[in-house]
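There are 2 protein chains.
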Amino acid sequence: MDSLTGSQIIGQQLSDHGDEKYRATSAFSGEPMAPFFRNASEGEVDRAVCLARDASGFWATASPDVKSKFLRELAQRVNASRETLLNRASLETGYPEPRLTMELDRSLFQLGVFANLVEEGSWVDAIIDQRKANQAGPPQPDLRRMLRPVGPVGVFGASNFPFAISVIGNDVVSAWAAGCPVVVKGHPGHPGTCELLGRCVQDVIRSKNLPEGIFSLVQGTQNRVGEALVQHPSIRAIGFTGSLRGGKSLWALTQKRTEPIPFFAELGSLNPTLAFPAIFRRNTSDFTKNLLASLTIGNGQMCTRPGFVFYVKCRETEQWTQELLTAASLAPQQPLLNTSVASQFAEATEQYRVQLDARQIFPLQTKDEPKSEFDASPPSLHLYQVTAAEVLRCGAKWTEAFGPVCILVGCKDLEEMKAITNTLPGGLTLSLHADPAEQTLAAQWLSDWTAKFGRIVWNDFPTGVPIGNATQHGGPYPASFDGQGTSIGTRAIERFARPTCYQNFPETLLPPELQSDNPRHIWRQVDGRLTQDKLPH
Amino acid sequence: MDSLTGSQIIGQQLSDHGDEKYRATSAFSGEPMAPFFRNASEGEVDRAVCLARDASGFWATASPDVKSKFLRELAQRVNASRETLLNRASLETGYPEPRLTMELDRSLFQLGVFANLVEEGSWVDAIIDQRKANQAGPPQPDLRRMLRPVGPVGVFGASNFPFAISVIGNDVVSAWAAGCPVVVKGHPGHPGTCELLGRCVQDVIRSKNLPEGIFSLVQGTQNRVGEALVQHPSIRAIGFTGSLRGGKSLWALTQKRTEPIPFFAELGSLNPTLAFPAIFRRNTSDFTKNLLASLTIGNGQMCTRPGFVFYVKCRETEQWTQELLTAASLAPQQPLLNTSVASQFAEATEQYRVQLDARQIFPLQTKDEPKSEFDASPPSLHLYQVTAAEVLRCGAKWTEAFGPVCILVGCKDLEEMKAITNTLPGGLTLSLHADPAEQTLAAQWLSDWTAKFGRIVWNDFPTGVPIGNATQHGGPYPASFDGQGTSIGTRAIERFARPTCYQNFPETLLPPELQSDNPRHIWRQVDGRLTQDKLPH
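Read top to bottom, the protein sequences are chains A and B.
Mapping the first sequence onto my numbering, position 525 (from 1) lands on 525, and the numbers just tick up by one.
Mapping the second sequence onto my numbering, position 139 (from 1) lands on 139, and the numbers just tick up by one.
Next comes chain A alone, as it looks inside the complex (with noise of 0.2 angstroms):
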């Protein structure tokens, strides 16, 4: 691979029009990296889109045999360049090593897993009503509908995972696989490796001859490339992964657009995990230990880490808040992503202390102490206390702080914690410890967290979103602007694409999933049963 130019890439292009530049930065020395990037220019964007417009016609109606082949080279591709991968990776997020390899053989892994989807075939969901006879008029005409992409998507990666949720990511491979050409809008964070990885996508590209505009990256700390790309007539729907803020800003761009267009966005969450009184009358050190890993697994920049844990106050939970000050004090600590991801933590943090009236409990400051900057060195996990009839008292304004801090909220009763639960907003993720005895009232609070939260966890942490049929990362707002969908799992394909009905068509101009024959035998819903066979003749 030729070492980092800092350019666009735009289809087969290297591209360098863009004005103000900038670099990365160490997040070992606070030093900034070679090269200069640039932001890409309005003009680079639309050329980006427009080849992307170009390709989708290819895409969308590309066998799966072509589409799964490109996303297996690709995986092979990104994996010969892993030591270079790694290494950008690891100056520009600051992630020890094993995070970094783990979290780029999730990304193979994940290429892997949309290439066999992409060749099962089954995810078109197709369904046949064929023609039949009707009392009361003339025949009802045979309808065939199945998924077909929505065209060309931009995708924002996130700052946290500069592999699994980047260039090559959930968002960007499951457009892929839906048929859809893919801009991404590459993180300011780590913008070197992205464009290692946005390399090995051209290489690829060119190396299977395929149309160019199928890839294209473009980058820039500045706010104008990303509006620009959510404004592109010719883009028809975005993937979003990173805050609520900028996601906000972004996804009311695209409502004001002349057609409005699907914004799918995971946008963080409080993770609430809720430990009903039985688990601290035994042995709580697999708690602790378990939710120490689950809070400061990649420092805490992880979208499900458990930021609020409500229990139940007692002579228990105060001698298990000892335990936990204990076990912190032993954690491993790790710088946070960088100096934005550092102040808006501080930021964060603070707004714990001034809206819920919480205390910080680790680490311990001296009273006479004064507050200095915040310092994104070691240590940074906190831990702040609170009563929940504080919180309740100052008006339950719960906010997200992206970094590894955990607010613990004493209840003074379950109808409390009952109480208090349910002033949290829309979430990923809710996790409930309880023991089997306590069944009947998890029962009883279920369906109001089911209303709230896209996954519900029982006796485990909330970290760790296998790549998985069954994963549902999205909840209702603010974890996402609908609920609907997931950004992870082989069900995010669906975002990008859009239910197609062929009305009485030869077949000839039917896609082979909807042929009688069933040529692909994928799994189709042929006059209400589920059927791999081909139709009847």
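No lab work stands behind these hints, which were simulated from the structure alone.
In this text, all values refer to a predicted model and were calculated from it rather than measured experimentally.
Among these hints, one or two may not hold up.
Intra- or inter-copy, both count: the list cannot distinguish identical chains.
To be verified - In silico lysine-lysine, DSSO-like type, Cα no more than 27 angstroms apart, as pairs:
id, residue 1, residue 2
1, Lys397, Lys418
2, Lys397, Lys248
3, Lys313, Lys397
4, Lys412, Lys313
5, Lys397, Lys256
6, Lys412, Lys397
7, Lys132, Lys289
8, Lys69, Lys208
9, Lys289, Lys412
10, Lys289, Lys418
11, Lys132, Lys534
12, Lys313, Lys418
Given the coordinates of chain A, work out where chain B should sit on it, guided by the hints.
Chain B only, in chain A's frame:
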């Protein structure tokens, strides 16, 4: 059934707090009819939604048996009042009796379709990924995901379908089937029909001892009634069928809420019909007859009415135009739905003259005749003619006119037909009439059509939307806001549901659809494989 009271139906109450009164107008005499209706007050809307919220938990977890019996009994109850309903609907819409009977029967059939869907149960799209070992880390959790109801839904009925897209119509029934309580905003064009239907629902809820909040009906002519509904914090989704203008203003309000909610709309469509050259070289009498039938069914007040016909001008198409005019002069004519529809129709057809430079060819006006005030009485069928070149020269400003009108667009050649149809906005349907020999050409154009339209029709006409499984009644903007849902057919249920994932859950707390024994015997995806089996122990 008691006589009409003009009250709001708030759960089991009849409520009369609103101030500004109005009456429905007889479609035959133009005279206002008893009783006076009131615009629902803000308090009434609030109470309706709060009752819906309170009924959410019950209805979300009610057994399929309870839900389907409710739907079936409602069909019986409505059928028992059919004479009263048909009489009032006739007075309020002016539709002829066969049209109303057909629509009422369709609505009863629709209730049965969703009762069957709920009983069968596989619509919840259950997916189970069982716990499995993971070489790289801790074992992957047991994840089980299914669709669950979003919560209280607000529904706006349409003017043109007093039964099938109204108080017991597609949006309401699909939301109920999904497990959502519904608050309906009745269309002010037929408030009496709405009230009569609402009383049937109220009766069935009372007789079955169901929570009253499952259904309320608020009525009014003023925008503030609907605005209060879409802005209520406990409303979780909207179903809307109506005009782009009305839909867009309500949609904008949902996006400005503290918590935005999905707005599922069906906003109409131009429904272009393309006639390839070969069909004019054979006998066109069937084409002409069926086009006119599709154009005038329901007096053209159908979202799928073919609004534009595109063809390549030649001697044969000149002859065909004469044939169409002759047939049009013999076609049965009806009054438009109401004075509001009539004045909007006059305004919209006037735009065809002004914006597209189209020439009215039916009914023929003598040049000197002064253009009179628009009159809703027959004949209301209008035909216009224009060349593609003129439309393109005027900037291709496409607009829909709601009523019996069709614009014939003559193209110079196929290339010009392609150019002009590429300027069309998104829509519900596109229809193509072609000979088998023209399939190759159609194949080349097909991907441009599927990118914009929800349903592509081959040698058939777009009106007539069966309530099937493969039905797709939706499309890209401006047919709807996202094009990913359908408002008719069984898949309409998905709009009012949201995936929820249960991680490592005890069997007794799982919904039956996700329990290992599969007690409901539904189709589920288990570890990537579709099956109706239990999980292996």
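Hints versus structure:
Proximity of Lys397 and Lys418 under a CA criterion of 27 angstroms is satisfied intra-copy only: 17 angstroms inside one chain copy versus 56 angstroms between copies. For the homomeric pair Lys397 and Lys248, the shortest alpha-carbon distance inside one copy (19 angstroms) is at most 27 angstroms, but the shortest distance between copies (32 angstroms) is not. Taking the closest pair of Cα atoms, Lys313 and Lys397 come within 27 angstroms of each other only inside a single copy of the chain (21 angstroms); across copies the shortest separation is 67 angstroms, beyond that limit. Within a single copy, Lys412 and Lys313 get their C-alpha atoms as close as 6 angstroms, which meets the 27 angstroms cut-off; across copies the closest is 81 angstroms, which misses it.
In this assembly of identical chains, Lys397 and Lys256 lie within 27 angstroms of each other by CA distance solely across copies; the values are 20 angstroms between and 29 angstroms within a copy. Taking the closest pair of Cα atoms, Lys412 and Lys397 come within 27 angstroms of each other only inside a single copy of the chain (19 angstroms); across copies the shortest separation is 65 angstroms, beyond that limit. Proximity of Lys132 and Lys289 under a CA criterion of 27 angstroms is satisfied inter-copy only: 22 angstroms between copies versus 62 angstroms inside one chain copy. Taking identical chains as interchangeable, the C-alpha atoms of Lys69 and Lys208 lie at most 27 angstroms apart only when both belong to the same chain, with a minimum of 9 angstroms there against 57 angstroms between chains.
Only within a single protomer do Lys289 and Lys412 lie at most 27 angstroms apart by alpha-carbon distance; the minimum there is 25 angstroms, versus 76 angstroms between protomers. Proximity of Lys289 to Lys418 under the C-alpha cut-off of 27 angstroms is restricted to the intra-copy arrangement: shortest distance 26 angstroms within a copy versus 66 angstroms between copies. For the homomeric pair Lys132 and Lys534, the shortest alpha-carbon distance inside one copy (18 angstroms) is at most 27 angstroms, but the shortest distance between copies (34 angstroms) is not. In this homomeric assembly, Lys313 and Lys418 come within 27 angstroms of each other (Cα to Cα) only inside a single copy, at 14 angstroms, whereas the closest approach across copies is 72 angstroms.
In the structure shown, no violation is registered for any of the earlier numbered hints.
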